[in-house]
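From just these sequences and the hints, can you work out the full model?
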Amino acid sequence: MNFNILVTGALYSSQSAYSALRFCRAAAAAGHSISQVFFYQDGVTQANQYSLPLDDEFDAVSSWVEFSEQTSTPLVVCVSAGERRGLMSEEQVLENHLGAHSAVGSNGSLHSRFTVAGLGALHQASLESERMVTFK
Amino acid sequence: MSAQKYLYVITKAPYSNATGIEALDAILIGASFELDVSVLFLHDGVFQLKANQNCALSDSSLPAIKQFTKTYKALEDFGVDELYVQEQSLAARGLGESDLLAPVKLVNNQSIKALIAEQDQVFTF
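In order, the protein sequence lines correspond to chains Z and F.
The numbering used here applies: residue 1 is where the first sequence begins, and numbers increase by one.
The numbering used here applies: residue 1001 is where the second sequence begins, and numbers increase by one.
Take these hints with a grain of salt, some might be off.
Non-contacting residues of chain Z with respect to chain F, defined by C-beta distances greater than 12 Å in every case (computed) [unchecked claim]:
#: 1; residue: Ala28
#: 2; residue: Ser33
#: 3; residue: Pro53
#: 4; residue: Ser112
These stretches of chain F come out as covered by chain Z in the derived footprint (C-beta under 8 Å, 3 or more residues) [stated by the list, open to error]:
#: 5; stretch: 1016 to 1023
#: 6; stretch: 1118 to 1125
Keep in mind the hints are simulated off the structure, nothing from the lab.
C-beta: ideal position from N, C-alpha, C; glycine also.
Structure below.
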C-alpha cells in the first residue's frame, strides 16, 4: 500500500515525529511505500536544522533525515506555514531580505534534506496514495 | 470517474491557536482540486462556527489571529458541499444550531461513522 503522511505536531513538545517515524519504518519494513511526508502547521518545526536535543534525547530532525536517505522518501514542508514560523531555506531568507539581520542567519533554518512546497503538493500526493495518515 | 471524497475534521476552537485558519487554507486548496469536499466540526471545533465573533481590539491593533471564520460561510461558493457538526459537541458547550454563523447539518456518532467510511481521504486538524 502507498501511504501519504501528514505531520502537524511540533518538534520536541509533541510525540508526533516519534510516532510518525515508527509508523513509517514499520510500513517500509512491511513492504509498503511512503509517497511523501508533508509537514504542516507546527509540524514544520521538525525541519529545523538548528534543533539541538540532549545526547540522551530523541533527535527528530536527524531521524527524519536518516529515514529519508535510507528510503528515498521526500520530506516536504509547507512553504507558508514554514515562513510564518521562521523555517526557511537560504533562498527564501534572501528572497525575503532577511539574512544578516535575522535570527535564522543567511544559511536558512531549513535542513537541506527537506524541500518546500504548497498545500497543493499535499493534496496531489494524497490523490496518488491509498491512505493518508496524520500525526498531530 | 466521480470526484474523490475528502473530509476535513476540525477539533480545536479558534484564536487560541492557528489550527482553524490553517485547516481552512487546506480546505480551500482541496476545493480548488475539484474534490467532493465536506467539513466536520467536532469537540471544541464547534466554536469555530459561533456567530457574532468579534476580534476587533479597542486600540485598533491587530489581533493575535485574524478573524477568519467568516470564510466558513463562503465555503459553499468554493464548492464545499456540506458543513457537518457533531450535535453532542454543540449541546455540551451550551450551543444550538441558531448560535452558528452558517447553515450546518447536525450529525450523531452513528452518522459520523458512516460519513468517514464513505470518504477517500480524511484530514484531521
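Inset, instruction - Please flag the earlier hints that this structure goes against, numbers listed from lowest up. - result: Going through the list in order, the structure violates no hint and respects every one.
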